[in-house]
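Trainee: Listed below are the residues making up each chain.
There are 2 protein chains.
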Amino acid sequence: MRTPICIKLGCELPIFAFSHCRDVVVEVTKAGGFGVLGASTFSPEQLETELCWIDEHVAGRPYGVDVIIPTRYDKQSEASTEHLEALIPDEHRAFMDKLLDDAGVPPLPADERERIHAAIVNGRGNMTPDGARRLLRVALNHPQVKLVVSALGSPPPDVVVELRERNVMVGAMCGKGEHAARHRAAGVQLIVAQGTEAGGHTGDIATMVLVPQVVEACGDEVAVLAAGGIAKGSQIAAALALGAQGVWCGSVWLGTRESELDPFEKEVLFETRTEDAVRRRARTGKPVRMIKSLLSEAWEQPGAPAYLPTPLQGILYNEAHARVVRAKRKDLYSFPVGQVVGMINEESSVRDVMYRLQLEYLDAIERLRQLSPAESED
Amino acid sequence: MRTPICIKLGCELPIFAFSHCRDVVVEVTKAGGFGVLGASTFSPEQLETELCWIDEHVAGRPYGVDVIIPTRYDKQSEASTEHLEALIPDEHRAFMDKLLDDAGVPPLPADERERIHAAIVNGRGNMTPDGARRLLRVALNHPQVKLVVSALGSPPPDVVVELRERNVMVGAMCGKGEHAARHRAAGVQLIVAQGTEAGGHTGDIATMVLVPQVVEACGDEVAVLAAGGIAKGSQIAAALALGAQGVWCGSVWLGTRESELDPFEKEVLFETRTEDAVRRRARTGKPVRMIKSLLSEAWEQPGAPAYLPTPLQGILYNEAHARVVRAKRKDLYSFPVGQVVGMINEESSVRDVMYRLQLEYLDAIERLRQLSPAESED
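Residue numbers (the numbering used here), protein chains in the order written: chain A, 1 to 378; chain B, 1 to 378.
One chain only, chain A, in its complex shape (with noise of 0.2 Å):
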C-alpha cells in the first residue's frame, strides 16, 4: 500500500498514528507508519523531552507533530486561567459540583488539582499564536520531524513558509469540502480530512462522503489521508478506494499496551460499543465525540445550564473528570475516542496492530482483485 506520500515523507506505509503519547510514536514509527505526536498539551521543555526520547527510539526514521497555530490574535485566549475561571458562573459550577457530589465522587487533592490546572495553563498558553510559534520552533530544532499539522484551520503564512523552507511538510485537518481549497491556497500540501465517525472535535460530514470531496477540491499537487473509521485494513482499503493516499488513525492505538490510558480507562475503552461513542459539547463547548457517560449526558438534559463557550466549558470538564478518573468510576467516566470503539475490545500492541492492519489490508485488495479479474489486461 506505499502510496507516492510515502515516497514524499519516507515511511513504508501510509499509517498515520495521531497521539499524545511517545511510545505509540515510537512503535508506528517503528514499524514502517508514521507517528505524529499531539503536542499542544505540552510546555515546550517538555515538548523538547518527549521529541529527544522520539529521536534516540526511531533509528533516524521520520515523524511528525501536530499543534493548534491560531491565524488570529485572540485577547480571551491570552487571558489568565484565574481570570477565566472567575468567569464560569457559579451555577455551571454548583451543577459539575452537585452531579459528583450526589455520585460520591471525591473532590481532588489540593496537589492534585494544583497538577490539573498547570496542565490547562500550559494547554491554553500552546493556544496562543506566540505559544504555538514557542513549540514550533522546538519541534523545528528536531531534524527528524518531517511533518507539523495543524489542528485548527490553515496555518498562518509565517509557519508555511519557515516550514517550507526548512524542508518539512505542511498538514491541516479539515471536516468540509470548501475548507480543503482554503487549505490549499494557504500552501498547505497534506489534509487531513476527518468524518463526523472520528474521535475528538468532528464535523456532521461522514469519511465516506468527505474524501472523495477533499480529493476532488484538492488536485494532483495536496495530499489527502482519511481520518474517522479507520480501525480495521478493510477500512485502509476502503480509504485508499475513495482517493485517499493513507489514514489517520487515533482511536485505535488507545487499546495498545503502549497507550496513555490507565488500566481503568482501557477497560471502559473495550466495553464501550460504536453507538456510545456520541457527540456532546460537555468536554470543550464544541461536539466532540467520545464515549457516553452519566458526565456526559448530564448536560443534555433538560434543565442543565446551557454549554459554556470555549475554553470555560473545558476548564469546568478538565477538573471533573480528573475526579473521575481518580475515583475510577465507569459510570461517569468519558474519553473523546470515534465510532470505531466497537471494534477495539482487546489489549494489543502497537506492533500487533500494524500487522493487523496490513493483513486486513491484503485480505481486502485479494476480494476486490477476484472481482475484476478481468481489468488488469486494461
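Source of the hints: derived by calculation from the structure; they are not laboratory data.
Hints may contain errors.
[As the list claims (entries may be wrong)] Heads up, incomplete: computed chain A residues facing chain B, CB under 7 Å, no partners named:
id	residue
1	Ile205
2	Ala206
3	Thr207
4	Leu242
5	Gly303
6	Ala306
7	Leu308
8	Leu312
Given the structure is predicted, the values throughout are model-derived calculations rather than measurements.
C-beta: ideal position from N, C-alpha, C; glycine also.
Assemble the complex: chain A is given as a structure, and chain B must be docked to it using the hints.
Mentor: For chain B alone, coordinates are given in the frame of chain A:
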C-alpha cells in the same frame, strides 16, 4: 464487480436502486443493476399498476419491492386519519400555519388537500400488519419480483416463510451491528447496512464503521449491501473493500431525468451542499436526513413546540410540504436526501449514472491495483 449476490438474484451489477419512481426502477434494472420500488405509499391497486408497468419494461429481468412490515399489531396505526388528526394539538397546527402564512405561502386548494390526505391514508394503511400483507400479496403475483426488503425491523416469521417458499429473497435494513444478528436469526438473507450519511430515516453510525460490523455479524450466509454515502464508483469500490457484496443507493437517482422530482425540486437538489443534508425530526417525529430549510429549522428553534410522535408529526408535515412544493418556495423546501447530495449537481439520466459508476469503479480498482502490484502472486 459481479459479486455472489448478483449471481443469486440474476443481475449483472450489485448496484441496488431504491426509488419510489417506476422509471428509475426500470432503467436501473435494464442497465444491469437491481431496481427496488418503494411500495409503502401506494394502494394495492396502484402497486399492481406500477408492477405491471415495470414487468412490461424490464424484459424479464428481476427486480425488488421495499415495504414496511410491522411485526406487532399496533392499535394506533389502525386508527383512522381523521381520528389521528384530532390528536394533533392546536399549538402545533398553529405553529406550522403561522410559519407558512407569515412566509406568504398560500393554503392548499380543497381538492389538493384531499389528495394529500388520501395519500396519507394509503400510506398509513399500508403500515399496518394487514395492509403490508395486502401489498405483499400484490408483489408476489409478479414472478419477476425476486427480492422483498423490510424497511423497518425484521419481517415477521410468516412473511419470511412465504417469501422463502416462493424463492423470493428476504431483505432488511440495519443501522447497528447488533440488529444484524437479529435479522439473521429471523431468516433474513440480505441486509442493507445503512450509515448515518444516508437520506431518510437513519441512525448515528457511519457506513465506514457499520459495514464491517454488519459483515462480521452476518457470516457467509447473509449478503450485506452498503447504503449511505454511495454516489460515485470509488464509493462502490470502498463499500466492496469493507466486505459488502454491493451497494444500495437512493439519492443519486433523484437528480436523473427519470426521477419523480419536478424541475423546481431538482433545482433545490442540485444547489444543496453536503452540510445542508441534516438529520431533523420535523418530517416524521424521528430523525430523517433531509435538506435543511426554513421549515426543517423552525422546529429546532427555542420556543418551537416539541416534536409530535410518529405518525402525528408526519401528518402535520405532509400538508405543509405540499403547500411549499405548490408555491415553489426554495427557502422552505426540504426532501429526504443523503450527504452525497453535494455530489449531485446537474441532471443526468439513469443510464449515464450507471455508466459513470462503473467507469469510476474501474478507476478506483486500477488505482488500488497499482499500489499493490506484487501481491497478485500470493
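Trainee: For each hint, tell me whether it holds in the structure or not.
Mentor: Going down the list of hints, with the structure as the test:
Interface hint at isoleucine 205 (chain A): satisfied, since its Cβ lies 6 Å from the closest Cβ of chain B, which is below the 7 Å cut-off. With 7 Å as the threshold, the beta carbon of alanine 206 (chain A) comes within range of chain B, its nearest partner Cβ sitting at about 4 Å, so the hint holds. Taking 7 Å as the C-beta cut-off, the interface hint given for threonine 207 (chain A) holds, the closest approach to chain B being about 5 Å. Checking leucine 242 (chain A) against chain B: minimum C-beta separation of about 5 Å stays under 7 Å; hint holds.
Interface restraint check: glycine 303 (chain A) against chain B, minimum CB-CB distance 14 Å, threshold 7 Å, status violated. The closest approach between the C-beta of alanine 306 (chain A) and any C-beta of chain B is roughly 11 Å, which is over the 7 Å cut-off, so the hint fails. Because the closest C-beta pair between leucine 308 (chain A) and chain B is about 18 Å apart, greater than 7 Å, the hint is violated. Given hint, leucine 312 (chain A) at the interface with chain B, is violated; its Cβ is 21 Å from that chain's nearest Cβ, farther than 7 Å.
Checked against the numbered hints above, the structure violates hints 5, 6, 7, 8; every other hint is satisfied.
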